[in-house]
Amino acid sequence: MGGMEQSTDEELIELVQAEKDSAAAERPLNELFRRHQAKVASWCYQITGDVNSAADLAQEIFIKAFQALPSFRKGSKFTTWLYSISRNHCLDELRSKRKRNEELSDSLPDEIEDWGMAGADSVLEQREAAELLRQLIRESLDETETKVMTLHYVNELPLDAVSRMLGLTNTSGAKAYVVSARRKLRRAHDLWKSRNKSSKAGKNVE
Amino acid sequence: MSNNWPTEQDAFRTALGPGTDCPPIEDLERLTSEQPPAPNVAKHLESCSYCRTELQVLHAFQAGEAGAASKEVERVTELLQARSREIVRQATMPKASAPWWRTAFTARRISQASFAMAAILIAAVVVIQFRPSKVRPLPDTTQTGQEVLRSGGFALLSPVGDLQTQPGEIRWEKVPNAANYWVRVLEVDGSELWKAETAADHIDLPPAIRSRIVPAKTLLCEVSAFDASGKKIGETGQVRFRLLQHSDSR
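Protein chains in written order, with the working numbering: chain A, 1 to 206; chain B, 1 to 250.
One or more of the hints may lead you astray.
Said to hold, decoys possible - As a list, the in silico DSS-like pairs of lysine-lysine whose alpha-carbon atoms are at most 27 Å apart:
id: 1; chain 1: A; residue 1: K64; chain 2: A; residue 2: K74
id: 2; chain 1: B; residue 1: K195; chain 2: A; residue 2: K74
id: 3; chain 1: A; residue 1: K97; chain 2: B; residue 2: K195
id: 4; chain 1: A; residue 1: K74; chain 2: B; residue 2: K217
id: 5; chain 1: B; residue 1: K174; chain 2: B; residue 2: K232
id: 6; chain 1: B; residue 1: K217; chain 2: A; residue 2: K77
The hints are simulated quantities; they were obtained by calculation from the structure and are not laboratory data.
Isolated chain B, as found in the complex (with noise of 0.2 Å):
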């Protein structure tokens, strides 16, 4: 055996796993729901066991289909029901609400306030040094006549789509007189999985973020690009990732 394909159960994973041609659950239940089904969407699912399976089990979940197992689903639903308030008042507990000193000192935060407080004081020292020549432009090499700020969109370049391998880093498209950019992903659900800041237009992803990013899994990153002040200038929107089985399409 293949020391790329070490095991029985890598070769069926692969084997079964989804294709480039698979459409996210959300859009293969929308596809699949109208009437009649697109026809490549059906020629899809009559060839694809991996989207048949997702779909079945969809199904199943929406249905909330108990099976033999209806008696101990109803005590988790009984457990879950006196706990409602609970999951509601936790839900409703604005996230802003905690005191903002209490996230700040963490070490995660530390190390990331650093990073910002270097940017602006860089940045400080950079404006004090030109304030008097007001019409002196900064000294940008970089920067041509054509080229103007955005305030709005910039490309993420890395990772979108479909992924042959696991991304080891996220890059974009520079941000003329971008001082630092937030770099966050997020789950579907638009939960926060990790950020990070950097003045670089490029950031590698750890590993412990490196084993969330699992195939079949789809996951959003979106990175925003902020000047020297602290203002936003610009941001790519949430881009959509996800990680294949296999190269090869079905």
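With the rest of the complex left out, here is chain A (with noise of 0.2 Å):
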């Protein structure tokens, strides 16, 4: 490679932008590539759980973030530039391919839990609504739970994705978590639902 192991990636990267559309840009790029490979690898199969799909997804990542590399910003950290990419590649990803197969196969399905947020027309109410359901989450739930829940409901990742990407090595993985992680979080809910119950009759009896 000579001496381009030494060079650190931001180094490689203003070769390459130097070298722009040029031959003399494939060293530094096999440099990057052979740096990186696992890492993108690796995403790319705890997210699908196919060797296939994975080799794919990385080289459709490894194309888009090469080719990008004209834009990328002095001072930011490639890896961080690298995540962010193959994040969202792969989260488009299966965003099309859940439109194509309409649902998730592993979504559990919803328990009719109002959370508080029956009748919540207004904002205000559903700030409130989900404020609480975020303080009931603070309360009750431990660090994996929370995290389970996160990447299952906000970045819509499979359960098996998720049991993947944080090591869950119990038999049933995240699911296990999310379900208990509601368990807890209906009960904790019961609660404040007497607890908000008896103030108020306590209220009204003064």
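Relying on the hints, combine the two individually framed chains into one complex.
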């Protein structure tokens, strides 16, 4: 590699940017690829759980990243940038796959819990309801349950991908954490409702 | 359950999603890698499960952790390695090397080109009409004595920053003497999601692009203004925007 092993990622990128669209850019690109292929491969496998799909996704990510290198901003960290690309690309792929196959096959069914949001038609009521749910999450869930719920519900990752990503080795993986989290939250919510009811009743007596 | 909050999934998504004070992952990583981390960042992390999760996943990515699936990851890496030459070849293949006519005759390009041609024709008519009187200014009733042709920046009005609702259009300051504007929406890595051309100071986002504006994903938008001769006379630069999950901050 002619000393390129010693260069930082950002120095290699500068070389690529200087040699844009020329064969000379291949050497720093090869070095960047060598350094980061395992990261991207691992990420893609965690998302897909399938060797061939992961290799296809990883290939697309590297092409996308390398083609976008001219827009890489100085002062940024390459691995964070590469992560953003990998994350966005994989999540987009999951979304379009989901659109093709309708819903996530491993999604747990809704359990008709209103979380105090029944009739929460105004923005203010919704904010209050969201804040209540956040408070219940903070008070009732442990760190792993919270992370599992975030990755599954916010990032819309399938449960098996969440299990791989967080290295969950229990039998049912992330699913067990979601079930447990929802049970805890329901219990905490019931408690909150009964407390709220009795405090209202107390006020009425006064 | 309210119509605006139809499912339990939506409730969790809203409660666990990013708030207005959640920084983009690039900033989060930078701020937390400072020693010691800024107190406000540490405080934010303590209370924000979304940012904690994002940071953990980023660190796992950077460490290249394969966990129990290391054999499978090795196989993915081998497959990827076998394609390395092709990847680098495709990446270094100059984008401009594709013959201009190949991209010029796609349906989208033709519609864009027709707008441009219309603008150029109108401009040409105006120029021919007023050519003999060199001192006579263009009949622009909105122009005042103070206004000057800006060669630099103008403001993108929306979408900008953290958004409570999905944007339906892009709007910017009108640039004097601009005949048309090029609008681009980009991923944070600079790859282009959409571009369009218009003579107005706003443009509707098509449904296909609106569907790509998903919560927590930072996107960039830029607008360039061109005069009737096709000369660039201003640009907004890349402006970040991001759709939030919920309207209140933590």
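Structure-based check of each hint:
1. A:K64 / A:K74: holds, 18 Å
2. B:K195 / A:K74: holds, 25 Å
3. A:K97 / B:K195: Holds, because 24 Å separates the two Cα atoms, which is no more than 27 Å.
4. A:K74 / B:K217: holds, 21 Å
5. B:K174 / B:K232: holds, 14 Å
6. B:K217 / A:K77: OK: K217 of chain B and K77 of chain A at ~18 Å, within 27 Å.
Every hint from the earlier list agrees with this structure, and none is contradicted.
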